[in-house]
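S.K.: Starting from the known structure of chain A, arrange chains B, C and D on it as the hints suggest.
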Amino acid sequence: MNNQQYITAYYLDDDDLMKSVKHIREKGLSINDVLTPFPVHGLDKLLGHRRSYLPQVGFIGGAIGAICGFYFQYWIFTEAYPLNFGGKPFASIPSFIPVTFECTVLFAAFSMFFAFLIRSGLGLGAQAKIHDEKVTDDRFMVIIPIDESNRQDSINHIEAVLNETGAKEVKVNG
Amino acid sequence: MEKQYYRSLDELKVDREKVNEKPVKEFEAEKDVLLDLMEENNFNTSSSRRDFLKVFGFSIASAAVLASCEQPVRKAIPYLNRPEEITPGKANYYASTYFDGNDYCSVLVKVRDGRPIKIEGNTLSSVTKGGTNARTQASVLSLYDNARYKAPAIKGEETTWKNIDQDIQNQLNQLTQNKEKIVLLTPTIISPSTKAVIEQFQQKYPTTQHIQYDAVSASGILDANKKTFGQAFIPSYHFEKAATIVSFGADFLGSWLSPVEYTKQYVQMRKLDEGEQKMSHHIHVEAGMSLTGSNADKRIIVKNSRQKAVIANVYNHLLALSGQSTFNAPETSVDTKAIAEELYKNRGKSLVVSGSNDTDAQMMVNGINQLLGNFGKTIDTSVHLKIKQGIDQEMESLVQEMNEGTVGGVIMWNVNPVYDYPGTDAFSSALKNTKLRVSLAESKNETAEETEYICPVNHYLESWNDAEIKTGHYSLGQPAIRPIFSTRQGQESLLRWTGSNTEYHEYLKNYWTGNLFPASGYLSADKFWTDKLHDGIYETDQSETNINGFSSNAIVNAVSQLKNESTKNIELELYQNVSVGNGTHANNPWLQELPDPVTKICWDNYAAISPKLAEEMGIEDNDLIRIDQKPIPAVIQPGQEYKTISVALGYGRQKAGTVGEKVGVNAYIFSRFADGQRLTWSTVKEVNKAGEKYPLARTQTHHSMEGRAIVREATLKEYQKNPAAGNELHEKIESHHKTLYDKHEFPGHHWGMAIDLNSCTGCNACVVGCSSENNVPVVGKKQVLMAREMHWIRIDRYYQGDQENPSVVRQPVMCQHCDNAPCENVCPVAATTHSNEGINQMAYNRCIGTRYCNNNCPYKVRRFNFYDYTGADALPGNIVDPAEMTLDLKRMVLNPDVTIRAKGVIEKCSFCVQRIQEKKLDAKLENRQLGDGEIKPACAQACPADAIVFGDLNDENSKVSKIFKDQRSYHLLEELHTLPSVGYLTKIRNKEEA
Amino acid sequence: MYVSPVREPLIKGKKDYNKVTEDITAPMAGKPSKYWYMGIGLSLLALLAGGIGTVITIWYGIGTWGLNKTIGWGWGITNLVWWIGIGHAGTFISAILLLFRQKWRTSINRSAEAMTLMAVTCAGFFPLIHMGRLLLGFFIIPYPNTRDLWVNFNSPLLWDVFAISTYGIVSLLFWYTGLIPDLATMRDRATHKIKKAIYNLLSFGWTGSARHWSRHETLSLIMAGLAAPLVLSVHTIVSFDFATSVIPGWHTTIFPPYFVSGAIFSGFAMVLTLMIVARKALNLEDYITVNHVESMNKIIITTGSIVGIAYLTELFVAWYSGVEYEQYAFMNRALGPYAWAYWIMMTCNVITPQLFWFKKIRRSLIATFIISIFVNIGMWFERFVIIITSLHRDFLPSSWSMYAPSLVEVALFIGTLGLFFTLFLLFIRAFPIIAIAEVKSVLKSSGENKKHSNHE
Amino acid sequence: MEHKQFQFNNKVIIPSVLLLILGILAVIGALVTDIPRERIIANLHLNNVYFLAFALCGLFFVAVHSIAESGWHTSIQRIPEAMGMFVPFAGIIMLVLFIFGKHDLFHWTHTDHLDEVLLHKQPYLNSTFFYIRFVVYFLGWGLLGYALRKNSLLLGETGDIKYFNKQRTFSAIFVVFFAITSSTASWDWLMSIDAHWFSTLYGWYIFSSLLVSGMAVITLFVLLLRRMGYLPHVNIEHLNDLGRYMFAFSIFWMYLWFSQYMLYWYGNIPEETVYYYERLNNFENYFFINIILCFAAPFLIIMLRQMKRIPFVLGITSVIIIVGHWVDFYQLIMPGSIGDKAGFGMLEIGLTLGYFGLFALFVFRALSKAPLVPKNHPFYKESLEYHTNY
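Heads up: the protein sequence lines correspond to chains A, B, C and D, in order. If you count the first sequence from 1, position 107 lands on 106 in numbering that gives the first Met the number 0, and the numbers rise without skipping. If you count the second sequence from 1, position 983 lands on 982 in numbering that gives the first Met the number 0, and the numbers rise without skipping. If you count the third sequence from 1, position 398 lands on 397 in numbering that gives the first Met the number 0, and the numbers rise without skipping. If you count the fourth sequence from 1, position 268 lands on 267 in numbering that gives the first Met the number 0, and the numbers rise without skipping.
Looking at chain A on its own, in the form it has when it is part of the complex (with noise of 0.2 Å):
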């Protein structure tokens, strides 16, 4: 990042959040983020966030682990090695069931988690710029990105806003 800076503040409560958030949307002022310590519901529609393309990934992940599952087992019994276990037919295809539905679900469990890992930059040894440890507790915080073309107006403008919705702690913050 560069030297985009940010003014932070919070709320202590989800209902105060929601509510200004709406006042700073309508004031014109872009979110950057909210920092939440659970989800709160109807925050995603208010920031203007589209909905996840997760279950698409998953769905797709899931046809392939299940094409792949199938086609291993059917590859196996009628081509590699054809075995006549207790008069089967080769292609014993009920009996290629379990494992085609296994391998469809790890496959798609594997890449919706993936998929959210790093879509969402986070993973082993990621590091989260922590702007209040409490954010994980009972704090919401806004994070608005202050207009570096006019620092100051812009700094003053938050802050207004900011304060208009009784926020707390409102700082500039690197």
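Simulated from the structure, these hints should not be mistaken for laboratory data. The structure displayed is predicted, hence computed values, not measured ones. We treat Cβ as the ideally placed atom computed from N, Cα and C, and that holds for glycine. Check the hints yourself; a few may be wrong.
Unchecked claim - 25 Å max Cα-Cα, derived PhoX-like pairs, lysine-lysine:
hint, chain 1, residue 1, chain 2, residue 2
1, A, 18, C, 18
2, C, 359, C, 102
3, C, 443, A, 21
4, A, 44, D, 165
5, C, 297, D, 165
What the hints assert, rightly or not - Partner residues are not named here, just some residues of chain C that face chain A (Cβ under 10 Å, in silico):
hint, residue
6, 192
7, 206
8, 218
M.R.: Chains B, C and D only, in chain A's frame:
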């Protein structure tokens, strides 16, 4: 079946030398099956075939080395020049003769890389006709018994043959000089050349008396025949000619005289092949449940003391029927009239035998057979069975003389009277009164241990021998391996002591060329000898000529003195079972682990008591009881006579080796002499509960079929009306068979096996044969108690009907090789699959031991290696091997064609796939079709009843295909649609009601 | 969101967000109590017993167990199924209850999921140790060996390998996904440097960003959607181990759903057993309330009744089928030598849970605790009955046999109990055993203090 | 929000009656042509059972949601309740059919030539006991259904917690009763058609079929009523939930179907496989169409959240499921009862549509008898403010 019989190694020494003079020829490619196989498998290394052979030679050489001395086994010398008859990896078969004084069998010895590994029946013999019994099958293991005497010993100190010979000769000379009696005590000798050796010995030492001693004798028959025919002999019985068989306690399928021969004969009249409508009717009178009794159509329960009365009554009725004067027969509750009438109807087509040693009883049986005109028809008096020539009175006198101190020396050859003579130490104490005690013994036993001189004899597989089992029926025994230890065969010892230096081999050859060759019609004595050695048998139509006519005077005399014996006491009956027999082979683990065909108990003998008596006395299975103070575990035996307790002989050996010692109790002490004969039953004074438990290892604990159609049966009448009688289910089930997927195709062969439940007598030969062929581990009593025996084939036995006198059915069960096998489906690692020849195959090295297949097998034929029984496991030092089967010595018996299985692996019947492959290759190399019946799995091979037929189901004309189409044919649990490749034929009983 | 006043609060006491954090993280702070040490001592002792049993089994072989030629599976597979069953509660609570919008799950899903993972670990031990050749167990992995041989995809045991490992992995991912925000809380609360570093590493850099939350929720939901059929599939496949065979008593079509419901039944019982103790010991009574216990008891009575109906259905159809083997198998269960086990099973699984029809009992912690233990025992015996009584007398009476476990088998079972409790005790020291963020999200709608004043 | 009372007017009566007439015509048509009588009876049986299943699913839906203390369902619960009112009538027509046609349906009723297996089953499969069970089922379902409905109306009207608790009790009793009778009834009316065959799972399999097809019918009625301007408060979230139910239960049905099929396929024991053998060899089209309609189609169509939120898609899926499970019942009944006399033509289509008309008449009439929403139900407000994120 075309089998190549090879002559012995020794015999070929001369030929080999000849071969060696010439430059060694490159072997012909088609002979070297294995090599070609390896090449086919693209072993494209730089090593030549010859190099490979050198390496391969190791295994052969190691065996050869082992056979000669006690050097480390693994040091080996490769064959640079291959002996002519040995192809690495190919087995040779040598004809030989098994006779241990008790059982006779003409056999082929399978020798693989210098080691005898398997005994098979010799089909050329008209006596045993390729059949074997359990003990014959197991005898190969005794060769490698660690309890064998390994070198001559004087007073327990090992010595050289020279020393011991000198000592003994000195002493013998001394005794002869002093005119002191020398006794040569042997079991029945049926070897003509040995008899000549003994005669030679007697000439050298004239005070020598030769006594033949049979622990379980036929002295009664000999005596009776002496009285009625003027000569003590045993005739030839012909069960195959008898439409009605009445046996009074003669267990002729299990232990009486010549069971293999009789089984062969008996089943001829029991088989209902190819639409045969008739079978013999078998009535069996006995007290305990014997193998034969359990096969009878009608089993009449009579205690031993009353059997004579039954015989007398039958005789009396027959006298009446044939219009002769009757006598005052003691009363009996048995409907003897019906028996007599049936016999009378079948004059000349009936056979009455008795297992009793009571001369009177046997004479009456002779009288009955005479009245029925059976002599000359079902009983041949002109051909004598030479087995069991021991006269009990001679032994009795000997002990008396020894006690009196009139016997100077005793040479005991392969006898064990200290163990098997009646009373606890009657013989042992008598023996102490002799000056010279020599033992010619094969392995550790009670008698030898009480002698100063132990001269170890060869195992029969290391020995030359001959036998005349019946008049004119000769057979030869030849060594299949050089003596493993410093042993010498008995004949040779006797020859040495006479001062002769002739090798017995020479002696034998001379005897044959001198005595038998002239009448043989052969032009060359050498040719005669090599031919007979190749065949193993030499049969002539000689007959005994000096038999007097039948005289009934003695019988008349005897019946006039019959008393109405009646006792309320409990009687004790002693019998031999099919495994341990008379006890000689007690140290053979295959036999010890062989479940009794009736009780399914192994590793012990026990007191079989009737359910009623047990209830009265409050005895349960495994309760220790005391019979005249002697503790013995009890087993409740359905069909046992109310007040008879049966105990098997042959157990309770005190000195026999690790396996056989202290297994069970010695029941010989209960046998007794009466009227000059040794009897195997007696009355007991008291029987009481000891209040302890003694767990008996039993391989089958549930005895009812629970009304399931497992063994299907019908009566002969029903069968005659409808060949599918008892098997109606089969057609019904077949018609309902629906499948959700098509059967796999078996384009080449589809192996199948048919088992005739009518023929199977339950003799267990197949079980040992299988163990021997397939290296089936022995697990010991403790593991059997935990139901972990490993047998690949078992004989299920079920009782039906009331427990007073139930009917018995048996069913050999091995892997059914189902085409829809529930076991194959579930193996996660594909260790068990179906071959394209219909075989359910196990890849042992792939198995990880989930036991899932075992659970899923409806037949429960899969066996799991719970411990390391074989030493094949990767982790050393945790072997469970109660029978010492992992000793290098005993491992020599392993069949190299069959992998030994590691701990944690499932194993099971493979249809002897190694035999299938071998025969297929043979046929391929010879560029011909594989013939039907050419392949015989070990069980089918061993079966004396020919109950098991193996072949190709894809071949319409094969015997097995035909049997499968028989209306009696069905599959076990066929309603499960497992599509087994094993079929059974319903059991048909020749009796009135179902 | 509006919540009807008829509903009982899910979180008791006057809580705010901070209080929630404080309460839930309290058990991890400070030194463990002496009870904790006693507990872990006992658990480790049990684990040691299991370790000894394992070594004996591997060294001497399966012969040290009580199995025989007829009965190839005994306590080992009984324990496998039992543990796997217990492992079903966690995912069921998280996934299926989530889909069915049962809010009360939020207080217990974390620990239940953790128990799932622990139980699956214990379960996974048994198929390994019961193998005759454990050292060659890798054969079960589908790879072509030197002879190009693969594995047998027809085998339910192989399906098990896939099912159990997939279940383990997905459960772990699911559990961990839920744990990430709470780990961030722990990170931010940690004062000790090393502790903070560890939590920092484990929390994957979580900030609580609204975007992340949005994706996180989607991920949780879809994972729940995946886990729901997965949880069904696992015990279904375990049931296939038995039902695909032809053995009477095993080969029956009702097994898949009946096993699943039995699994949830036993899983809930185990969760109850532990939670009733844990809520007290860790002072979490406000979060895991009697209301929660009652809700779980309702699930127990439902699944218990389903299991009961399945028992009866099996019995009836065994008779109705007219197949003599089936009939005998069930007669033998009820009246044969193992009838005692059958009646323990019947009593514990069918009769005792019916007591929960009474509201008093349903809401009594002591009664619930006792009954939950009964159910645990009953469900263990259910598997024992299914495995042993079916195998010990199947088609051919000649092979019928009896089974009793050896000390080694008992030790192995005790060992897994030790493992389970060790892991659980470590878990409560290391991770918040209630999902902090999730509880906070329902605090307003279902908490006691804000109960009557909430409006959107 | 203002709620209209449902009007049982010509707008709904005429189409229903037309369908009913179509059905009657189909039967008459079949009678005058050479269609075997057995085929008509088997079809009547099929529809009797199938439409009874809808009705029972209605009751079950209400009962289960009451027990689970669900909130969202309150706004649509009148529809399943109304469906449940069909139960008594279904009982009557079923009884009539059994009296006249049981010999064509059930081989075990031919008591003069039973084989040993059927003789063995006689203690259960005999006409007397069959009718006794029949009466017990309908008495139980009818009375409990009536109680549920009546109590629900009272609760909706008064909002009294007493009725709330009472409803829970009735529901619990119904669920327990239904858990047992749904299995036994399916054995009686369906499994015993293949009298030799058996499957322990059968009852639960039928139950799953009942659940998913009933859910589709509920959805269809909800959509229909919305289309007609009723139920304005039912928003996309409720539809989404109904869609999720259909989706989940389709998977559940497939799961049970697979469990039963796979286990019998795997064991390959003739006495079990004969069932599938018949269907795979003589009814293979129905066999596969069944799977496609009941599982593959709904699974693929409404897997994504977006699709569940399109009423039209949901409607189409409902119809597919209803047709699919009709096929399911067809292949459950036909092979065992009439075998090669089975067919598919105007009779089958017409008769089924006729039953639909009949069923609709009952449902519409019942809907008109009470307010469409339980406005004082304690959870009703939850339902109104219902929104989901998934």
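S.K.: Compare the structure with each hint and give your call.
M.R.: Results for each hint:
1. A:18 to C:18: At roughly 23 Å apart (the allowed maximum being 25 Å), residue 18 of chain C and residue 18 of chain A satisfy the hint.
2. C:359 to C:102: 23 Å, holds
3. C:443 to A:21: 20 Å, holds
4. A:44 to D:165: Measuring from Cα to Cα gives roughly 41 Å; hence the hint is violated.
5. C:297 to D:165: This hinted pair holds, its Cα atoms lying about 17 Å apart.
6. 192: Violated, because the Cβ-Cβ distance from residue 192 of chain C to chain A comes to roughly 15 Å (cut-off 10 Å).
7. 206: 5 Å, holds
8. 218: 5 Å, holds
Going through the hint list in order, the structure does not satisfy hints 4, 6.
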